[in-house]
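J.: Take a look at the letters that make up each chain.
2 protein chains.
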Amino acid sequence: MDIAIVGFGGVGRALLELIYDKKDDLASEGLDLNLKYVINSRGGTYNPKGIDLMNFINFTGENRDLNSYQGKGSKPASFDDIIQNKDVDMVIEMTPSNLDHGEPGLSHISRALAKGIHVITANKGPILLAYDKLQDLARENGVKLGIGCTTGGALPSVNAGLIDLAGSKITSIEGILNGTSNFILEEMENNGLDYDLALKKAQEFGIAETDPSMDISGLDTGTKLLILTNVLMGENKTLDDIELVGIDSIDLDQVREMAGQNKRYKLIGRSIRTEEGLSISVKPELVDRDNLFYNVNGKDKVVRYISDTLGDLTIIGGASGVRPAAASILRDLINMFREGV
Amino acid sequence: MDIAIVGFGGVGRALLELIYDKKDDLASEGLDLNLKYVINSRGGTYNPKGIDLMNFINFTGENRDLNSYQGKGSKPASFDDIIQNKDVDMVIEMTPSNLDHGEPGLSHISRALAKGIHVITANKGPILLAYDKLQDLARENGVKLGIGCTTGGALPSVNAGLIDLAGSKITSIEGILNGTSNFILEEMENNGLDYDLALKKAQEFGIAETDPSMDISGLDTGTKLLILTNVLMGENKTLDDIELVGIDSIDLDQVREMAGQNKRYKLIGRSIRTEEGLSISVKPELVDRDNLFYNVNGKDKVVRYISDTLGDLTIIGGASGVRPAAASILRDLINMFREGV
Chain A
63 MDIAIVGFGG
73 VGRALLELIY
83 DKKDDLASEG
93 LDLNLKYVIN
103 SRGGTYNPKG
113 IDLMNFINFT
123 GENRDLNSYQ
133 GKGSKPASFD
143 DIIQNKDVDM
153 VIEMTPSNLD
163 HGEPGLSHIS
173 RALAKGIHVI
183 TANKGPILLA
193 YDKLQDLARE
203 NGVKLGIGCT
213 TGGALPSVNA
223 GLIDLAGSKI
233 TSIEGILNGT
243 SNFILEEMEN
253 NGLDYDLALK
263 KAQEFGIAET
273 DPSMDISGLD
283 TGTKLLILTN
293 VLMGENKTLD
303 DIELVGIDSI
313 DLDQVREMAG
323 QNKRYKLIGR
333 SIRTEEGLSI
343 SVKPELVDRD
353 NLFYNVNGKD
363 KVVRYISDTL
373 GDLTIIGGAS
383 GVRPAAASIL
393 RDLINMFREG
403 V
Chain B
63 MDIAIVGFGG
73 VGRALLELIY
83 DKKDDLASEG
93 LDLNLKYVIN
103 SRGGTYNPKG
113 IDLMNFINFT
123 GENRDLNSYQ
133 GKGSKPASFD
143 DIIQNKDVDM
153 VIEMTPSNLD
163 HGEPGLSHIS
173 RALAKGIHVI
183 TANKGPILLA
193 YDKLQDLARE
203 NGVKLGIGCT
213 TGGALPSVNA
223 GLIDLAGSKI
233 TSIEGILNGT
243 SNFILEEMEN
253 NGLDYDLALK
263 KAQEFGIAET
273 DPSMDISGLD
283 TGTKLLILTN
293 VLMGENKTLD
303 DIELVGIDSI
313 DLDQVREMAG
323 QNKRYKLIGR
333 SIRTEEGLSI
343 SVKPELVDRD
353 NLFYNVNGKD
363 KVVRYISDTL
373 GDLTIIGGAS
383 GVRPAAASIL
393 RDLINMFREG
403 V
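Chains as they are written, first to last, in the working numbering: chain A, 63 to 403; chain B, 63 to 403.
These are calculated hints, taken from the structure and not from any lab test. Hints may be right or wrong, so weigh each one.
Same chains, same names: a pair is fine if it fits in one copy or spans any two.
[Unchecked claim] The calculated DSBU-like cross-link candidates involving lysine-lysine, where the alpha carbons are at most 30 Å apart (straight line), are: (1) K85 - K195; (2) K134 - K177; (3) K137 - K299; (4) K85 - K299; (5) K137 - K111; (6) K263 - K195; (7) K345 - K299; (8) K231 - K85; (9) K325 - K361; (10) K134 - K262; (11) K361 - K134; (12) K85 - K111; (13) K134 - K231; (14) K195 - K137.
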């Protein structure tokens with residue numbers, strides 16, 4: 063299978079390493095992955111016969127200017143070349159996410175699908191803004207759209223709803239969907255760090271971004287929750303439909319006081335369908351010790367579904383970082399081309 | 063799709079009700095299920111044009127002699143007719159499980175697969191004894207074998223390993239895999255019932271079987287664990303390879319004493335690969351309050367995987383009874399015929 067990678071950062075590099083390391087396992091799944099394009103915002107490289115993985119991985123260790131890659135048979139390329147040449151089966155779209163207009167990912171995904179190229183994306187923006195349209199486009203062109211990596215990396219949240227609850231109606235979704243804020247809350251409770259120090263520690267550990275506002279404000283949780291809600295409950299909600307409260311509303315004294323009562327704050331996203339309609343919220347909530355969410359700490363995440371015929375299903379996972387994120391893209395790829403279970 | 067049901071009890075009846083109730087949802091998945099055969103140990107019924115679901119469901123409310131079903135166009139039939147006529151796409155095999163020789167399920171499954179008929183089974187015996195052979199047979203004949211219901215009903219345990227951890231290597235499996243014993247342990251702790259009374263209550267609630275020995279002895283847990291181990295870790299272990307201790311080794315005083323120390327007994331199945339090899343055990347273990355398993359109570363079940371690239375994954379679910387079990391068969395059926403995610 064010929065593939066193109068569009069948007070190339072740490073996860074992209076980890077994905078190439080994983081494809082290299084897991085070559086035999088992939089072969090046993092019938093997958094022989096041949097990398098033809100790697101494109102980033104500055105340019106890209108193309109090799110019609112396939113890019114030598116290890117050589118390219120080594121190159122990108124020191125160099126971000128993909129146009130200058132000199133591998134044998136490789137030449138500079140742009141995203142347009144992928145569409146014009148139409149010589150790949152799969153585009154893996156990993157450009158930075160934009161929640162307002164979804165670009166450039168939205169155009170990449172639409173254009174690839176319209177050309178009959180499968181797409182897997184880790185990009186939340188386009189899925190949040192246009193899942194239904196993209197899914198229709200995929201169907202019309204006889205290809206598939208994988209979105210497993212958009213709602214929590216290694217935690218198989220959206221795929222669990224699609225696959226593990228296939229045939230049932232999901233009536234409620236709740237979860238701790240952001241590892242950074244969960245890590246900060248644990249540091250406050252366990253190590254008595256105030257909010258600012260806990261955030262600093264998360265940044266030092268490489269868990270929080272330099273700009274942590276997405277995580278802290280609940281926006282990251284809200285985005286993931288919306289994707290889950292729209293995809294799994296058949297809705298078309300936007301960020302305007304969510305009540306959004308972040309963890310910056312909580313101080314150390316509150317955390318300590320509640321710890322004394324065996325309660326913990328957790329930043330919980332929740333979509334519940336009642337007779338009055340669907341309510342969607344993201345806010346810190348107190349959970350007590352008997353609650354399954356109480357022991358989901360640190361970078362761990364959880365999602366809990368309630369369904370009509372398959373009951374409750376709670377999924378907890380925590381692997382974060384570039385390699386698990388890359389592995390979740392590979393998971394989508396394998397599941398897409400396995401014929402059923 | 064034309065289907066046959068082989069082995070017809072409470073779950074089979076619930077499955078027919080579910081197919082009737084979910085007709086529209088199934089249609090939206092592209093599935094139009096047409097029931098041609100229902101076979102049980104005493105006989106069966108066959109209608110080449112399809113059995114009227116509601117009429118048949120009503121009949122079986124009062125009657126177990128399927129040969130005597132008088133629906134229009136229906137006639138008595140046996141399993142052999144399915145194989146000879148070869149006019150169904152799918153056999154759903156739900157005869158009682160036998161862990162020694164796997165019959166009659168093993169023959170039903172092999173014969174159907176060999177004729178190019180897909181099979182979904184809820185029957186542990188054949189999968190425990192012959193998973194590899196049956197999977198090879200399915201592959202050779204271009205059909206699929208669904209086993210999602212063999213390892214915990216509504217809890218998507220084996221499928222989570224296959225799908226949600228696709229592309230990773232599973233190095234450890236642990237779980238609370240038997241709802242009955244978990245319910246009894248909770249009753250002992252929470253309501254101070256001794257073992258015999260707790261078991262009686264489980265039987266009154268319809269949770270424990272009249273003969274609860276499979277659940278209590280750890281054999282049910284061991285069987286499920288072995289299937290998970292063989293399928294997901296590529297092993298070929300048998301019940302002889304497991305250290306098996308049941309919950310009948312625990313008395314009320316022990317439960318009370320540990321509750322005072324914020325610990326709980328849980329019947330845990332565990333397969334761990336180390337440098338010395340694979341160790342497989344089922345036994346009551348003490349878990350403390352910080353452990354995720356501590357709050358998996360009552361009929362709930364849990365399975366936790368550790369993988370190389372996708373980290374830890376814990377799945378908790380509890381729906382038990384005939385309808386969730388039936389829904390888990392329907393889930394396999396939907397996933398089998400969806401083209402990828």
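J.: Compare the structure with each hint and give your call.
T.: Cross-check of the supplied hints:
1. K85 - K195: Answer is between: at 26 Å across copies they meet the 30 Å cutoff, but 34 Å inside does not.
2. K134 - K177: The answer is within: 28 Å in one copy meets 30 Å, while 51 Å across copies does not.
3. K137 - K299: neither (43 Å within a copy, 52 Å between copies)
4. K85 - K299: Classified as between: cross-chain Cα gap 27 Å, same-chain 40 Å, threshold 30 Å.
5. K137 - K111: Within. Shortest intra-copy distance 11 Å satisfies the 30 Å Cα cut-off; inter-copy 61 Å does not.
6. K263 - K195: Intra 41 Å, inter 53 Å, cutoff 30 Å: neither.
7. K345 - K299: Result: close within a single copy only, 18 Å intra versus 47 Å inter.
8. K231 - K85: between (38 Å within a copy, 13 Å between copies)
9. K325 - K361: Both, since 19 Å and 25 Å are each at most 30 Å.
10. K134 - K262: Close neither inside one copy (45 Å) nor across copies (74 Å); limit 30 Å.
11. K361 - K134: Neither: 42 Å inside a chain and 61 Å across chains, both beyond 30 Å.
12. K85 - K111: For K85 and K111, the Cα distance is within 30 Å only inside one copy (18 Å; across copies 48 Å).
13. K134 - K231: Neither: 52 Å inside a copy, 34 Å across copies.
14. K195 - K137: Neither: 34 Å inside a copy, 49 Å across copies.
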